[in-house]
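J.: With the hints as extra help, turn the sequences into a complete structure.
The lines below spell out each chain.
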Amino acid sequence: MIGIALKMLLGDRLKYIALVAGLAFAALLVTQQSSIFAGYTLRTGSWIRDTGAADLWVMDPQLVFTEDNKPMLERALYQVRGVDGVEWAVPMYKGWLNLRLPDGTRVTTRLIGLDDASLVGGPPEMVSGRLEDLRRDRAVIVHADQVGDGLLLKRGLDGEGPRPLRVGDTVGVRDHGLEVVGTFRSSPEFFWDPLVYTTYSRALQVAPPDRRMTGYVLARCRSGEDPAVVALRIEQRTGLEARTPKEFEDATMSYVLDKTGILVNFGFTILLGFVVGVLAAGQTFYMFVLDNLRHYAALKAMGASDALLARMVFVQLCVVSLVGYGIGAGGAALTGVFAEGTGLAFQMPWQVPLVGLLAILVCASLAGGVALWRVLRVDPALVFKS
Amino acid sequence: MDGLEGSGSAPLAVRCRGVWKTYGSGEESVHALRGVDLEVCSGELMMLVGPSGCGKTTLISIIAGILDQDRGEVVVHGADVKALKGRAKALHRGRTTGFVFQQYNLLPALTAAENAAVPLLVLGEKRKLAVQRAEAMLERVGLADRARSLPSQLSGGQQQRVAIARALVHAPRLVVCDEPTSALDQDTGRRVMELLREVAVAPGRALVIVTHDSRTYHFADRIARMNDGAIVGVDAPSAASR
Numbered sequence: 001m002i003g004i005a006l007k008m009l010l011g012d013r014l015k016y017i018a019l020v021a022g023l024a025f026a027a028l029l030v031t032q033q034s035s036i037f038a039g040y041t042l043r044t045g046s047w048i049r050d051t052g053a054a055d056l057w058v059m060d061p062q063l064v065f066t067e068d069n070k071p072m073l074e075r076a077l078y079q080v081r082g083v084d085g086v087e088w089a090v091p092m093y094k095g096w097l098n099l100r101l102p103d104g105t106r107v108t109t110r111l112i113g114l115d116d117a118s119l120v121g122g123p124p125e126m127v128s129g130r131l132e133d134l135r136r137d138r139a140v141i142v143h144a145d146q147v148g149d150g151l152l153l154k155r156g157l158d159g160e161g162p163r164p165l166r167v168g169d170t171v172g173v174r175d176h177g178l179e180v181v182g183t184f185r186s187s188p189e190f191f192w193d194p195l196v197y198t199t200y201s202r203a204l205q206v207a208p209p210d211r212r213m214t215g216y217v218l219a220r221c222r223s224g225e226d227p228a229v230v231a232l233r234i235e236q237r238t239g240l241e242a243r244t245p246k247e248f249e250d251a252t253m254s255y256v257l258d259k260t261g262i263l264v265n266f267g268f269t270i271l272l273g274f275v276v277g278v279l280a281a282g283q284t285f286y287m288f289v290l291d292n293l294r295h296y297a298a299l300k301a302m303g304a305s306d307a308l309l310a311r312m313v314f315v316q317l318c319v320v321s322l323v324g325y326g327i328g329a330g331g332a333a334l335t336g337v338f339a340e341g342t343g344l345a346f347q348m349p350w351q352v353p354l355v356g357l358l359a360i361l362v363c364a365s366l367a368g369g370v371a372l373w374r375v376l377r378v379d380p381a382l383v384f385k386s
Numbered sequence: 001m002d003g004l005e006g007s008g009s010a011p012l013a014v015r016c017r018g019v020w021k022t023y024g025s026g027e028e029s030v031h032a033l034r035g036v037d038l039e040v041c042s043g044e045l046m047m048l049v050g051p052s053g054c055g056k057t058t059l060i061s062i063i064a065g066i067l068d069q070d071r072g073e074v075v076v077h078g079a080d081v082k083a084l085k086g087r088a089k090a091l092h093r094g095r096t097t098g099f100v101f102q103q104y105n106l107l108p109a110l111t112a113a114e115n116a117a118v119p120l121l122v123l124g125e126k127r128k129l130a131v132q133r134a135e136a137m138l139e140r141v142g143l144a145d146r147a148r149s150l151p152s153q154l155s156g157g158q159q160q161r162v163a164i165a166r167a168l169v170h171a172p173r174l175v176v177c178d179e180p181t182s183a184l185d186q187d188t189g190r191r192v193m194e195l196l197r198e199v200a201v202a203p204g205r206a207l208v209i210v211t212h213d214s215r216t217y218h219f220a221d222r223i224a225r226m227n228d229g230a231i232v233g234v235d236a237p238s239a240a241s242r
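Chains A and B, in that order, are what the protein sequence lines are.
Per my numbering, the very first residue in the first sequence carries number 1; after that it's consecutive.
Per my numbering, the very first residue in the second sequence carries number 1; after that it's consecutive.
Any given hint might turn out to be false.
Unchecked claim - With a straight-line cut-off of 30 Å between C-alpha atoms, the simulated BS3-like cross-links for lysine-lysine are:
id: 1; chain 1: B; residue 1: Lys-128; chain 2: A; residue 2: Lys-15
id: 2; chain 1: A; residue 1: Lys-259; chain 2: A; residue 2: Lys-246
id: 3; chain 1: B; residue 1: Lys-128; chain 2: A; residue 2: Lys-7
id: 4; chain 1: B; residue 1: Lys-126; chain 2: B; residue 2: Lys-89
id: 5; chain 1: B; residue 1: Lys-85; chain 2: B; residue 2: Lys-126
id: 6; chain 1: B; residue 1: Lys-82; chain 2: B; residue 2: Lys-128
id: 7; chain 1: B; residue 1: Lys-82; chain 2: A; residue 2: Lys-7
id: 8; chain 1: A; residue 1: Lys-15; chain 2: B; residue 2: Lys-126
id: 9; chain 1: A; residue 1: Lys-70; chain 2: A; residue 2: Lys-259
id: 10; chain 1: B; residue 1: Lys-126; chain 2: A; residue 2: Lys-7
id: 11; chain 1: A; residue 1: Lys-246; chain 2: A; residue 2: Lys-70
Stated by the list, open to error - Output of the computed footprint for chain B on chain A, the stretches with three or more beta carbons under 8 Å from beta carbons of chain B:
id: 12; segment: 7-17
id: 13; segment: 301-314
Keep in mind that the hints were calculated from the coordinates and are not lab data.
Note that the structure is a prediction, hence the values are computed from the model and not measured.
Ideal Cβ positions, reconstructed from N, Cα and C, are used throughout, including at glycine.
T.: Below, the structure written as structure tokens:
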């Protein structure tokens, strides 16, 4: 009877295509939008993941996410170093400063100051120059993908027209001249101000003076120490906040989702895809069942039980769901392939296809539920009505 | 009433006693059957005839076990059909009853052989075996060469022959036919009735046919005339034709 159910389904080619198309569209929308949502949310933590050397990020307790600016007193570094279980700890500066490009273009940048001795917390990949070049006089490094974008010399020099910032160019921060000695590449981020790296001491020289200048203290735990336990010790001893990279990433993600409305926007689109899928598939499947009602009635008259008819409808639904889902999710994955390098935030972790599949199964169940109810209620005596 | 009882010594296949059926309630209620008594013997071809709305289809539906009477008793091959419920009733129908419908009700996506095999598949027969048995039955109804054809590729008469093969493939002890010739021209209708007479009537099997078509009355063993929800007479075909 399963074969008959499938032949009934595939025999009505037009409705079959309409059903699969409806569910495929819903699957595409749900999976694609979920993947873009996942891409954006994962990007909120890119900078933390790229700064991978530390077990713990120590920060002002009032700091809620990476783009918050609540520096600490410099003594925080020494307090952390004094906590049992800490192998090493280094300072990091992070501040928002105006960078004046050689042609006078001014750009707000995120200036990161790395520990002079270790350069811990630097970008994951150098494109030109070496990270150690930061130890040269007045040195900074800039993002290779931003030199022609956020760090573009819009006016250009001596009538040459707009051009990217180059290694060797001199940039200014509060009347301090700094030289670009290299370029780096890091993971795409949710946040947009260009990243500029220098050393911690140089960052303190060029930044507006303040009693509180240390953005973070990056700490490594001794071998065998549980970072969560060490974090608790740091918090108890210093009154500062100590987070594992994952905790800091989650806090940043939560804050962005909470404050930007991105979750509501994507959630609404995903819900819309789901509703469209339910309506399109539901209507088509119901029409399919109505068209075949006489046949279901005949099967019932010929001895088919309700359970058998339900199994037939279930198989029909499963087939259209899985085919529709396959096409939709495949289409969403292709979006990701084609969008590579375009800047579209697209990440498809395994949870996304799974959620997409569940959504389509729920969608099909809702669509099929009404149709099934109609099939089970069909009066077999219908076969004797002309 | 004369003739309501079985006609001979053959065992009784269907026995209806005081069968009432009412649709709706209150002032809008319609009595479709008013105390119908009827007996059909095994090996007998019984026709139910009468004007539209006289209760023929309701009676055949109750005999076939797809509708319950309000009052009275219907026993089919010893089983009180109304007493059966749910799955047991469906199983009883599947095993004991074959159906021939006015509009054939063939599944358009299935071949003739697959359509004829449906009752066996419903009963849980393996597909290959069911189709083999269906092909053998199609051969008996003269459609061996059209076993792989879809209903849309068959004429009305051929489709009704597939429906007859479907009704007989699982060797049911009761076959109910609802206006089997009304959608067919005169010649095709006659050939379908000849076929029913030839292959469906068998010892141990009863046929109950609802029809308007007086040209087919002579195929019956007996004819029950219905009017206004009651059987007003059971005659031999020659008497009914007059």
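J.: Now look at each hint and say whether the structure bears it out.
T.: These are the hints, each one checked on the structure:
1. As the CA atoms of Lys-128 (chain B) and Lys-15 (chain A) are separated by approximately 29 Å, the hinted pair is consistent with the 30 Å bound.
2. Proposed proximity of Lys-259 (chain A) and Lys-246 (chain A) is supported: the alpha carbons are some 20 Å apart, at most 30 Å.
3. With a C-alpha separation of about 16 Å, the suggested pairing of Lys-128 (chain B) with Lys-7 (chain A) holds against the 30 Å cut-off.
4. The suggested pairing of Lys-126 (chain B) with Lys-89 (chain B) holds, with an alpha-carbon distance near 22 Å, which does not exceed 30 Å.
5. Our distance criterion of 30 Å between C-alpha atoms is met by Lys-85 (chain B) and Lys-126 (chain B), whose separation comes to about 26 Å.
6. For the given pair, Lys-82 (chain B) sits about 34 Å from Lys-128 (chain B) by alpha-carbon distance, which is inconsistent with the 30 Å threshold.
7. For the given pair, Lys-82 (chain B) sits about 34 Å from Lys-7 (chain A) by alpha-carbon distance, which is inconsistent with the 30 Å threshold.
8. With a CA separation close to 29 Å, the supplied pair Lys-15 (chain A) and Lys-126 (chain B) stays within the 30 Å bound.
9. The hinted pair formed by Lys-70 (chain A) and Lys-259 (chain A) meets the criterion: a straight-line CA distance of about 18 Å does not exceed 30 Å.
10. Restraint check: the Cα-Cα separation between Lys-126 (chain B) and Lys-7 (chain A) comes to about 17 Å, which is no more than 30 Å; the hinted pair holds.
11. Distance check on the hinted pair: Lys-246 (chain A) and Lys-70 (chain A) sit about 20 Å apart at the alpha-carbon level, within 30 Å; holds.
12. Requiring three or more residues with a Cβ within less than 8 Å of a Cβ of chain B, the coverage given for the segment 7-17 of chain A holds, as 5 such residues are present.
13. Coverage of the segment 301-314 of chain A by chain B holds. Counting CB-CB distances below 8 Å, 8 residues qualify, and the rule asks for three or more.
Violated hints, listed in ascending order, are 6 and 7; each of the other numbered hints is respected by the structure.
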